[in-house]
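Residues per chain, in single letters:
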Amino acid sequence: MSESLFPLGLALHATGVALALVLRRHPAACRSAAFLASLCGSTASFAVAASVLASGRSIRGVLFANAAAGSSVGYTVDPLSAWFLMTLAVLAAPLALYSVGYLAHAIPPGRTAFVGMAWNVLLLSLETVFAADGVLGFLVAWELMSLATAALVTTDHESRPSRRSAFLYLAMSHLGTGCLVAGFFLLAKGAGSLAFADLLAGAAAPGALRGLVFVLFLVGFGVKAGVVPLHVWLPEAHPAAPSNVSALMSGGLINAGLYGLVRVGAGGLGRPDPAWGMGVLLLGSVSAVLGVLYALGENDLKRLLAFSTIENGGIALMAFGAGMMGLAAGRPGTAALGFVAGLYHVLNHAAFKGLLFMGAGGVVASTGTRKIEQLGGLAHRMPRTAALFLLGSAAIAGLPLTNGFASEWLVFQALLRGFFSAERLTRIVLPLGGALLALTSALAAACFVKAFSLTFLARPRSRAAAEAAESPALLLAPQAFLAAACVALGLVPGLVVSVLAGVVAALPGMGPRADLARGLAGVSIGVPAFDQLSPLLLVPAALLALGLAAAISLVAARDRRLTPAWGCGGELTAEAEYTATAFAKPLVMVFRDIYRPTREVSTVETTPYFASEVRYRSEIDAPFERHVYGPATRAVLAAAGRLRVIQAGSLHAYLAYVLVFGVVLLWWLGGLP
Amino acid sequence: MTTSPLAIALFATAQALGFLLLAPLLRGLIKKMKAAFQLRQGPRLLQPYSDLGKLLRKEPVRATTASWVFVAGPRVYFASAVAATTLVPALLASAPLERAGGILLLVGLLALGRFALATAALDTGSPFGGMGASREMTVGALAEPALMLALFTAGLSAGTLNLGELVRRTAERGTSIHPSELLAAAALFIVLLAEAGRVPVDNPATHLELTMIHEAMVLEYSGADLALVEWASAVKELVFMTLLAGLFLPIGVATSLAPQALAISALALVAKIFGLALLVVLVESTNAKLRFFRVPELMAVALGLGFLALAMRFF
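Quick mapping for you: the protein sequence lines, in order, are chains X and V.
FYI, in the working numbering the residues of the first sequence are 1 to 673.
FYI, in the working numbering the residues of the second sequence are 1 to 315.
Next up, chain X with everything else stripped away, as it sits in the complex:
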């Protein structure tokens, strides 16, 4: 039965597309039908993934077969595919419910069918990407995925920034796809087959080209994973889309890139070179630190979350890099730890980033703005959204008893265990990576204190924020589901790790199943124990301490007094509040060599003594856009300008080109002298 379940899921998404098309004149019905189909599709996909993860046996089948050509496109859900399918389903199912409520107000009714169709196409293609068993199916699904995403980014196609973001996204995607095609061709040429079973089983890569193939894959998958410096599209495209789509892009789409990197990095091209692992670790560290720094400097709530996606992709990459270094050094235990940690973080990121984007979507729907400076005070107007967003913030900051802590703990372990197995001089990078991860997670804490507090606390700083209303239950229930997932995944790391040990052991070149779990709730690293974690043990202590604090304050003071906060003798207004810019200012100053902030202060004077108005403008430099992509774009445009010489507009010239090209082609193919 489970053999037909995967195609059934795809068929349900296809039904969603068809229903959206048929019901396009009735937005409300169209919304419900399209997203209900999406929910069912995700449920089916979850069931497939769960059965594969539970049994450890892969499910195979055929999607299309062309008898005349003798070719077919098939799928294989192996444990790694299943892990990514499950991650996607955990995010996409609550998002489908959220979308029904959210899209009613977020987009013009006439565009409902468009979003419903593109959404289902995106999920269908993502699921196919994770399960494709050959190059052809994979690349077609990959391309479909990019196009569906670009379509969703242009939902608001009247706005120029949206169109620009989509264009940037397409350009970067195609750069990536080009690299993937080249990489697969190089592989296929050696293997004489297009099936992943032949290409990515660890044997096909030709010796001399191995390095080139890996770099091509790293760039190709790195674009989707948002790896710095290939990330430029991400902070533009993710926030431009409606919030439900942003959540799916941040929590689901970037996983496509990470999935590919695990496929090729974890033994897919044979035992990796030590330099590959080191390179991935370095790219991951740079992405993590720069991602969180730019997130901290950002005052647009959704762009902040998008930058934090780059950070979390970086953290997963750091773990994969440590795993690859372990694999290169012939230490399967360390290697397994790295991949387990990274894959755990991928699932956790889907949970908390989905939660945070949904919360941000609720705020945007209710206030009409994404600018943190114009929000504030929403905890009084939207208490449930605030509480859920706070939980998501704690999880993404990696605080104990949440899932973020559990996976970051494992990444630390992967880096430190790797220290013992790496070569003498190169191993210093591993604890240094640990220090960078510590910096990242402390900066993430600062970043999300800012994101939560300045959005939800103190007084509203605009009329829209003052008049905000709580999101309806249809928007809150999916957030509560993911919040529960954030807590649950943090409390039973043993269960997650034991599933993941099976996933990792099934990868080519990996050793026997790593023994990491201690029951459902505990994880233990190394024998004798290098370190162990069981957060559930701490829960009674934390609850008792919390109870003690509550008891102390209950016994101590009988009365409470409410007064306005002290305003230095004057009345404290919303203008006097600390702003998001001010909150991040000390860190912007400390890291000014990275941010290169520019500021302009101009005073409008009316009397010689008092300025009536001061204008302040400050901006953070975008170094990659300015110094890498700017010159590259100009070079491409200049080259295109030169090529215009042969594009004369004359039909005769074009016919001549065709003739010359045909002759050259025949000569080359026919081997004429």
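Calculated directly from the structure, the hints in this document are not laboratory data.
Bear in mind that the values here come from a model prediction, so they are computed numbers and not experimental data.
So the derived list for chain V, only partly shown, Cβ under 8 Å to chain X, looks like this:
1) 59
2) 65
3) 78
4) 82
5) 115
6) 122
7) 123
8) 135
9) 140
10) 156
11) 293
12) 296
13) 310
14) 311
For each residue, glycine too, the CB sits at the ideal point set by N, CA and C.
Let chain X serve as the given structure and place chain V on it in line with the hints.
Okay, now just chain V, sitting in the frame of chain X:
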């Protein structure tokens, strides 16, 4: 050591209560020694207990703009500090809840407390709270890599990140005066100054709003709310000192429950904490508070020390 749940619960409760009862004394001791250094008489040794008692009798005043986050902040901060006490080995060479986690969980709990208090500080809308929160998170972010690197050095050289195991192995091996240990201890001491809000990073004695960090963050708190914050801060400082003593000077730590061993261990711990307190007093009395934007340089020094410690130990 023993593993029955009841024994663990008793051990954890006893240790947490011990930390809670003794932490204000540490504050008093530092104040008294500082006063002696400045040829003042200073407050009584037990004054912090009276202060806590006074705060607990006063009614808390809360801002009208504040939400439930403002009330939750000090409680979570307090709970995280108390939970942290169960993760450090104090008298015994084992921590009550060492099976829950090691160094990383301890650092995570302290980060949780900081997160809760900084979030709550922004709730009243008073710019002082915002300023304090912003600065506290800045200092915390800069101190964390240094803290981790120094702890990694200790953990990697002992081959474990579990604090109980770490202290047992160090005690077995005996205190070494390997230069890397000294450097790592120095790095941790700098982080201690930052985490405890001491000169030269912060000044616990000032109420000049523009210069302070921690005090600005808790400016709007009063009554029992403030008592919880003050108490938890003292516990946090004692936890840090105990950790530093346990990691680098595990002389006299009891490895059994024999009364004699426990007595020796208690005396040794008191002496070590006294020594560290004296060191804090020396630094506080002979240094001026650094300008806020010079603090990153101090943290960079700590990070550099941590890196050197690691490099010396393994290369």
